[in-house]
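The numbering used here applies: residue 1 is where the sequence shown begins, and numbers increase by one.
These aren't lab readings, by the way, just hints derived from the structure by calculation.
Check each hint, because a few of them may be wrong.
Distance ranges between label pairs, derived from CB positions [what the hints assert, rightly or not]:
{"id": "1", "residue 1": "A15", "residue 2": "F40", "range": "43 to 53 Å"}
{"id": "2", "residue 1": "K34", "residue 2": "W67", "range": "22 to 32 Å"}
{"id": "3", "residue 1": "N42", "residue 2": "T4", "range": "39 to 49 Å"}
{"id": "4", "residue 1": "V70", "residue 2": "K34", "range": "26 to 36 Å"}
{"id": "5", "residue 1": "A15", "residue 2": "L66", "range": "40 to 50 Å"}
{"id": "6", "residue 1": "S23", "residue 2": "F47", "range": "18 to 28 Å"}
{"id": "7", "residue 1": "G62", "residue 2": "L17", "range": "37 to 47 Å"}
{"id": "8", "residue 1": "M32", "residue 2": "I53", "range": "16 to 26 Å"}
{"id": "9", "residue 1": "S22", "residue 2": "T56", "range": "45 to 55 Å"}
The beta-carbon is built from N, C-alpha and C at its ideal position, and this holds for glycine as well.
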Amino acid sequence: MIETIMNFVNKNLGAILFFLPSSPFTFFIDAMEKAEWLSFLNWLVPFSTFIVIGETWLAAVGIYYLWQVVLRWIKAVE
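All chains should be built: construct the whole structure from the sequences, respecting the hints.
This is the structure:
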């Protein structure tokens, strides 16, 4: 039963994704890979570290708000 539902979802999702256009950013990403100066810029300003810190912060804030919702729900039940 679950396998049938998953196959149905995968088939329909594939059909929907077929009609979507390709990413408009592939040209820019390919151009950035060829830039030699980008490695020097990343050495001076560690963008990857900034991204990791930002993702961690967003996850922490999201967990905090989710926990607040759970606590309010529990308080409403009591």
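Against the structure, the hints come out as follows:
1. A15 <-> F40: 43 to 53 Å: Hint holds: Cβ distance 45 Å, inside 43 to 53 Å.
2. K34 <-> W67: 22 to 32 Å: violated, 45 Å
3. N42 <-> T4: 39 to 49 Å: holds, 48 Å
4. V70 <-> K34: 26 to 36 Å: Violated: the Cβ-Cβ distance is about 48 Å, outside 26 to 36 Å.
5. A15 <-> L66: 40 to 50 Å: Once the Cβ atoms are compared, 33 Å apart, the range 40 to 50 Å for L66 and A15 is violated.
6. S23 <-> F47: 18 to 28 Å: At roughly 20 Å between Cβ atoms, F47 and S23 fall inside 18 to 28 Å, so the hint holds.
7. G62 <-> L17: 37 to 47 Å: violated, 26 Å
8. M32 <-> I53: 16 to 26 Å: holds, 21 Å
9. S22 <-> T56: 45 to 55 Å: violated, 31 Å
In this structure, the earlier hints numbered 2, 4, 5, 7, 9 are contradicted, and the remaining ones agree with it.
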